[in-house]
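**Student:** The lines below spell out each chain.
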Amino acid sequence: MFHNNNSRRGFLKNASLATLSALVGADIIFASTMPKNYVPLVLQENDPVKLFGKDKEMMVLNDQPWNIESPAHLLDDKVTPSSKMFVRNNGLVPDNIVVDQWTLTVEGESVKNTKSYSLNELKSRFKQYTYHLTLECGGNGRKEYYPPTEGNQWDVGAVSCAEWTGIRVRDLLADVGIESNAVYLAYHGADMHLSRDPDKEPISRGVPIAKAMEDETLLAFQMNGEDIPIAHGYPLRLIASGFPASVSGKWLTGLSVRNKVHDGAKMESPSYRVPCEPVAPGTEVDPEDMCIIESMPVKSVITYPKSGALLTGKSSMGIRGHAWAGEHQVASMAYSIDFGTSWHSCKLSSPVNKFAWQHFEATVNFPQKGYYEIWAMATDSKGISQPMLSPGWNPKGYLNNACHRIAVKVV
Amino acid sequence: MKKDKLIPGKTLLFIFFTLLVGVVIAVFLSLNKPKEPSISDKVVLVSQNEEILDGKHVATGLIDDQGLNLVIAHCTGCHSAKLVTQNRFNRDGWIRVIRWMQETQNLWDLGESEALIVDYLSKNYAPELKGRRLPLNQIEWYELEEEQ
Numbered sequence: 001m002f003h004n005n006n007s008r009r010g011f012l013k014n015a016s017l018a019t020l021s022a023l024v025g026a027d028i029i030f031a032s033t034m035p036k037n038y039v040p041l042v043l044q045e046n047d048p049v050k051l052f053g054k055d056k057e058m059m060v061l062n063d064q065p066w067n068i069e070s071p072a073h074l075l076d077d078k079v080t081p082s083s084k085m086f087v088r089n090n091g092l093v094p095d096n097i098v099v100d101q102w103t104l105t106v107e108g109e110s111v112k113n114t115k116s117y118s119l120n121e122l123k124s125r126f127k128q129y130t131y132h133l134t135l136e137c138g139g140n141g142r143k144e145y146y147p148p149t150e151g152n153q154w155d156v157g158a159v160s161c162a163e164w165t166g167i168r169v170r171d172l173l174a175d176v177g178i179e180s181n182a183v184y185l186a187y188h189g190a191d192m193h194l195s196r197d198p199d200k201e202p203i204s205r206g207v208p209i210a211k212a213m214e215d216e217t218l219l220a221f222q223m224n225g226e227d228i229p230i231a232h233g234y235p236l237r238l239i240a241s242g243f244p245a246s247v248s249g250k251w252l253t254g255l256s257v258r259n260k261v262h263d264g265a266k267m268e269s270p271s272y273r274v275p276c277e278p279v280a281p282g283t284e285v286d287p288e289d290m291c292i293i294e295s296m297p298v299k300s301v302i303t304y305p306k307s308g309a310l311l312t313g314k315s316s317m318g319i320r321g322h323a324w325a326g327e328h329q330v331a332s333m334a335y336s337i338d339f340g341t342s343w344h345s346c347k348l349s350s351p352v353n354k355f356a357w358q359h360f361e362a363t364v365n366f367p368q369k370g371y372y373e374i375w376a377m378a379t380d381s382k383g384i385s386q387p388m389l390s391p392g393w394n395p396k397g398y399l400n401n402a403c404h405r406i407a408v409k410v411v
Numbered sequence: 001m002k003k004d005k006l007i008p009g010k011t012l013l014f015i016f017f018t019l020l021v022g023v024v025i026a027v028f029l030s031l032n033k034p035k036e037p038s039i040s041d042k043v044v045l046v047s048q049n050e051e052i053l054d055g056k057h058v059a060t061g062l063i064d065d066q067g068l069n070l071v072i073a074h075c076t077g078c079h080s081a082k083l084v085t086q087n088r089f090n091r092d093g094w095i096r097v098i099r100w101m102q103e104t105q106n107l108w109d110l111g112e113s114e115a116l117i118v119d120y121l122s123k124n125y126a127p128e129l130k131g132r133r134l135p136l137n138q139i140e141w142y143e144l145e146e147e148q
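Top to bottom, those sequences are chains A and B. Quick note: the first sequence uses the working numbering, first residue 1, plus one each step. Quick note: the second sequence uses the working numbering, first residue 1, plus one each step.
It cannot be assumed that every hint is accurate.
Claimed, not checked - Distance condition first, Cα-Cα at most 25 Å in a straight line; then the derived SDA-like pairs of lysine to any residue:
id	chain 1	residue 1	chain 2	residue 2
1	B	K130	A	P275
2	A	K200	B	G111
3	A	K84	B	L144
4	A	K200	B	D109
5	A	K56	B	Q138
6	A	K369	B	K56
7	A	K369	B	L136
8	B	K123	A	T283
9	A	K409	B	L134
10	A	K78	B	E145
11	A	K409	B	Q138
12	A	K306	B	W141
13	A	K50	B	A81
14	A	K56	B	L136
15	B	K82	A	H193
16	A	K314	B	W141
17	A	K84	B	Q138
18	A	K56	B	E140
19	B	K56	A	K409
20	B	K130	A	F339
21	A	K260	B	Q105
22	B	K56	A	D63
23	A	K409	B	E147
24	A	K84	B	E140
25	A	K56	B	Y142
26	A	K369	B	K123
27	A	K56	B	I139
28	B	K123	A	P281
29	A	K266	A	E327
30	B	K82	A	P48
31	A	K314	B	L136
32	A	K266	B	E103
33	B	K123	A	P147
34	A	K369	B	E147
35	B	K123	A	G282
36	B	K82	A	S83
37	A	K200	B	V97
Unchecked claim - Chain A stretches covered by chain B per the calculated footprint, using a threshold of three residues with CB under 8 Å from any CB of chain B:
id	stretch
38	63-74
39	144-152
40	369-376
If you are wondering where the hints come from, they were derived from the structure by calculation, not from laboratory data. Remember, predicted model here, so these are calculated numbers, not experimental data. Every residue gets a Cβ at the ideal spot worked out from N, C-alpha and C, and that includes glycine.
If we strip away everything but chain A, and leave its shape as in the complex, we get (with noise of 0.2 Å):
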């Protein structure tokens, strides 16, 4: 676990200031408006392998906040394990979780009383379930848009699938009891702002209620049968597959059930929204122009082989990799080796539970040697597919489901 095996920080974090000035070798200038137990940037560990048992192959596109994308084929598990998981932080990983005076406090224009609920009571007074559920970021593409959008330039890998265990947020709210004009489930989150402003949330987004009130919308604690790993929310976290992975709030400390649309941090435009009308790339939107994201898209990615493969003295080739369609089923899966011009069906498999991501997998022949492209097409259950080129361009660079692609040789 994150807070034992790292001791340093743990030294560093008590250590007074005058041993922080001694390590860094200089005074600390304005240490007084430096928070309490604040390690100073030069002396805080960053890597990922370490501080977070990431795999050695994850890229690292933002050390602070940290964001963590995995490269396709590292997705090849049926169910991601956390060292294969990408990270997505708005602000700073919670320090000091003391799990025994954890609480979540229920609030909000639309409960009928605030009431507060310690881990144990959450784990204990609920039934508890295990789903299957896919959480992709809202900005996973980004890097293809063109002109280009503000973010972090994700390719396609910040996406994955868990199992994820905990009670549902419905049966938490029949408990705390709510009114009837409730519109909206917010989360609040103990991660700092990169300011360290004390008073401001790196990011405090949320559900419509009947989101909130579906079967696989979790308060998790577990993931993958264990503790939730610090990276992704310890030691409680909202899932709400399906939209985008920011409405599934980490190291979550509150919730607010809403009379009206949440109106938290990075609820407000342009963060997670898109053009409620179709735009040419680069337009300016006006604000109230913009709308909220839900459902993601349908989507795959190939897992299978990584790209860049040589097939030597060989003319077939086994590809596998997972498809999945944000609130919807995926219907098909289809590759081509011919840049689109023709397609060929994969075999798919049913998701294990709603939400889920489905796995596919099929036996590409190559006519004759030379380069190929093997590109990969998902189409939901209403009849949606991936395009080939990058969709409608948005400000912020959202919702890039364009047909994963991936390098071969014939030689």
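Take the given structure of chain A and dock chain B to it, following the hints.
**Tutor:** Just chain B now, with coordinates in the frame of chain A:
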């Protein structure tokens, strides 16, 4: 700046710090925002490691050019330089990002530095035309073995 030599006998901890840290200075950004003293008292710790390799500032990865120190001082206090180096905008685009950070993320008034910072960013991190989709690039070829 030349890195310090490793000193045998010192703890791993100390070696790490001597390598990584160099000297730390704090830059006090004097702003006239009386209503928000906590913001004007912003502490920015700047690594004094000035080593430049292949045209880049080693400690941050930022391109070495006029304005580099201002960008380090103003842009890396809250977030990593990696958030800068990933992004590409023209002048208007970078100004939009700065305004968004000022309106929502506690970024302070950059004063006279703003124009110099925008010069640096729009020159060194300008958009490259890439159209609707680039060819697959940076492919690392490897021999595919039969799966076990």
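**Student:** When the hints from earlier in the document are held up against this structure, which numbers fail?
**Tutor:** 6, 19, 26 and 40
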